[in-house]
Amino acid sequence: MSSFFSKWSWKMAWRDARSNKKRLFVYISAIIIGVAAQVAITSFRDSLNNTIDNQSKELLGADLEIETEQPPPDTLTAYFDTLGGEQSTITEFPSMVLFPKSGSTRLANVRALKGNFPFYGSLETIPKEAARTFKTDTTALVDQALMTQFNIEVGDSIKVGKVTFAIGGGITKVPGEAAAASMVGPRVFIPASMLEATDLIQRGSRVEYKQYFGFADERDMNAIETRVDSLQDALGIDIDTETVEERREEIGEAVANLGKFLNLVGFIALLLGGIGVASSIHVYINQKISTASVLRCFGASSNQTMSIFLIQSIVLGFLGALAGTVIGVGVQYLLPGLVSDFLPVNVELTTSWLAIGLGLFTGTGVALAFALLPLLALRKASPLYALRTMEGSITALLSNKTKAIIYVAVALVVMGYATLLTSDWVIGGLFTAGMIVAFGLLWLVAKLLIKLIRRFFPSHWSYVWRQGLANLYRPHNQTTTLMLSLGLGMLLVSTLYFSQDMLMEELDFATRDDAPNLIFFDIQPDQNEGLNQLLKENNVPILQNVPMVTMRLDSLRGRSTQAIDDDSTNNVHDWALRREYRSTYRDSLIDSETLLKGEWIGQAPDTGRVPVSAAKEISEDLNLAIGDSLTFDVQGVPVEAIVGSIREVDFQRVQPNFFMLFPTGVLEPAPQIYVTVSRAPNQEISASVQQAVVQKYPNVSAIDVSRILETINQFIDKISFAVQFMALFSIITGLIVLASSVATSRFQRIKESVLLRTIGASKKQIIQILSVEYLFLGILSALTGLILSVGATWLLGYFYFDITFTPNLWVIILGTLIVTGLTILIGMFNSRSVYKKTPLEVLRLEAT
Amino acid sequence: MALNPILEVTNLTQQFRSGDKKLTVLDHVDFSVEEGTTCSIVGPSGSGKTTLLGLCAGLDRPTTGEVTLNDVTLGPLSEDQRAEVRNKHVGFVFQTFQLVPTLTALENVMVPLELRGVKTSEVQRDAEELLTQVGLADRMSHYPAQLSGGEQQRVAIARAFINKPKILFADEPTGNLDSETGATIEKLLFDLNKARGTTLVLVTHDLSLAEQCQRIIRLKNGQIHKDEWIDTSTAEQV
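Residue numbers (the numbering used here), protein chains in the order written: chain A, 1 to 848; chain B, 1 to 238.
Pairwise CB distance ranges (calculated):
#1 A/Q287 <-> B/G175: 22 to 28 Å
#2 A/G760 <-> B/I230: 47 to 53 Å
#3 B/E228 <-> A/L755: 39 to 45 Å
#4 A/L814 <-> B/G175: 55 to 61 Å
The hints are simulated quantities; they were obtained by calculation from the structure and are not laboratory data. If you're wondering where the values come from, they're calculated on a predicted model, not measured in any experiment. Glycine is no exception: its CB is placed at the ideal position from the N, C-alpha and C atoms.
With the hints as extra help, turn the sequences into a complete structure.
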């Protein structure tokens, strides 16, 4: 340790570094981008957390929210009155809206507002005062994104149910909601006083009643929640409460998850940089063996000699980390643009000292950890090498045991840091294991490809091609390093791309000729026939028309759901016990259903329990077996049932699918609504049919599948752009590692090229040999990454998404071409001194 | 008056493993070198000259046998302790000069004393003086790549003498130079050696260079084939 702090070591480190500036810059450049990614993400995460803490009340817009799915019963409203404070009500439901100006329709999220919500933060509109005046002016507020999409302006009208409102303003921000929310359900605010006139709330409508409270004094939220829970049990309805603290935790958790994920993607870039460091320092130290040996001859201890290069590694690692930190702080300002649509707050960006400290520490640490192997090996370099040249790699001086210890130490450092980033050692461990597997596979594929080249070496090729190809496996080659770094970058980016492609391909059902693309729901029984007739008139076929009855599970196997829920030893899922079931009835199974167990009975017997068919998924969540008894509460009427069969349902089909299927002869008298599935031949007909339905049946909603697809596409596009932006850091690092590997191995290449030129090779031949080498390096790296990414995507598809993945050959070809092109370009640019200067000039220059 | 031995080599054997076979490079070598004398070790390629030099300077450990340098037995010492011995008592001149390419001529010469922790101003003064003596007063701030082979070897000689070594080991000091430059370097080496009273152990296959020493040890197949004194007056003293 004392050698590290000795004046001589620092003096020698400086003297040695001053004429190696270029080479050492190459050494640090690989970690700059990785550190930049880390600092940018951590800084942004910090700013976001601060913002959420500072604006926690604005996230809910109130101190408390109490939500029910039916109009609050009198007992509950009486309790609201006892709570006092300022109160506001929002009745929220999906409904079709129509813009008379263009005749276009859209499924929207309608909110009827009473009172002065939000109490914290503000409902932001253009013009600003519209948020305040729309309740008195009886105008509507419409999502600004929707207005832009349909070319609607303030003053134009919107028809919601039976009422046509003038548009008072465009909504730009709702407290606690991300802009992306408008993609899923564009928001339309109307005054609560007009709700009844719209005539949209009918039997079977899915409505949320939200009561907001603003308290001037401190309240015991736990006591309120306990009271609400007891009311829930007494009233037998679902009542959800949400406090500021809960909302803050919920959003904080989502932000933390996003941050963790992006941080890990950024960390991969840093690890790649680490490989770059390891590779450059390895070559660098190999070239320093004779210097170290001479110093040892003149009396320097092994620690003193190592200290010179250890100091260089640490100082350079620190400088690289510093440069990366500066870039990262700058990049932080780009991140809000990438993810702002998904954030419920406007982030106040601040400089995070934690991120800066972490960046400096990690950058230096990674540089040091990855330089450890050659540095420790240098300690073992004998002074005898001053007399005899050492052959082979310096790391061969270390025993396998020492190497294994270093590898394990590096893996532990990686795991420690990943755990620090994610605050979860399981994720940290899985990440490290994943990286080891990825590196291991890349290494194996790289070695296999090299072996195959040697095994099937094309000896009949011309000299230039043979020489270029042979460079890949000759001593001092950088093949494995490059294939690891470029391959991993490629693996990341293409797996992201392939997964997105695979999902979109699977979701692209609307374009299939026979697939439904238009679904109408909330059809009242007296509207069903008329609506079907209207569709037929518009030449839109009815593919399915099913009744839907809402019900809840009251008891299971003779025990009430409440008792099961209260029993901590139960093995059923809460959500399956408490959810509202939307069931249908018919006399036969359809082609998306397959019987797994029991017997399907299509007609209910006159007496006894009703034999129902449960979908496999719900039977697992409720732990159902054939013959289990169930009691459903069908809107106040108990229906005694028995599990008659369990069936597999293809939930991916675009049609109403049901967890519980009833036979005919039971539910017909129950209050019900209808769902109609159809297929419009084109967008024009789809739009005109929707328009006609909204005009005649304002309460009926339509799901335009192609629009949903468009939304999903936009969503995935935005998310994948953010992820790809982070993966880009890996690609850039991969290219820097390529540049640095080329630079560090240049001396070797120069010696060979000079020798070749001396014995008569032309400049053109040298260029050709180098081009062939980089051509193969590029192709092999790209293919290695791509082969593994096809495997990774296939596994993802098979195990996670249940989709069979077929790789797009064009993407593979294009990816290979791009990476190969870049490899040749960077390789040739960095090797220009090899072929531009005279042999003597080069040798003199490189010897310094 | 009898001269004290500064280097004592006792029963020195060095073996290397080459695959399954043992290769004996030095086989029970015994000799000693007295303080202030000059001794050359000659022999054909592969006779073990460089291996012997490395062992004598404590750059490697022998398979068996012992080396005592300036009354210090090297065997029990660690690598770092041997380095300390070298720093205090030993100077080196190599065939391939072995200057640190990233240091200037002056800095190269300063290294051994700087390692010892001597004040920079003193080290610099001594190094400048030595470089002037070897005729490189105007080349002090040049890097090795900017110097000719002869100039590089002069820097190496200056470096070898900076720590006032008791013994100087030279491995083919003129092997990489043309005959004219070689002759200049030889003269410089012997003149400085004489002026400073240093013991010189020189490895070469150049007989004319070897004959400039007082004593020649001939190695053959790892053993001392012949040990002869050219300067008989010194031999008598021994």
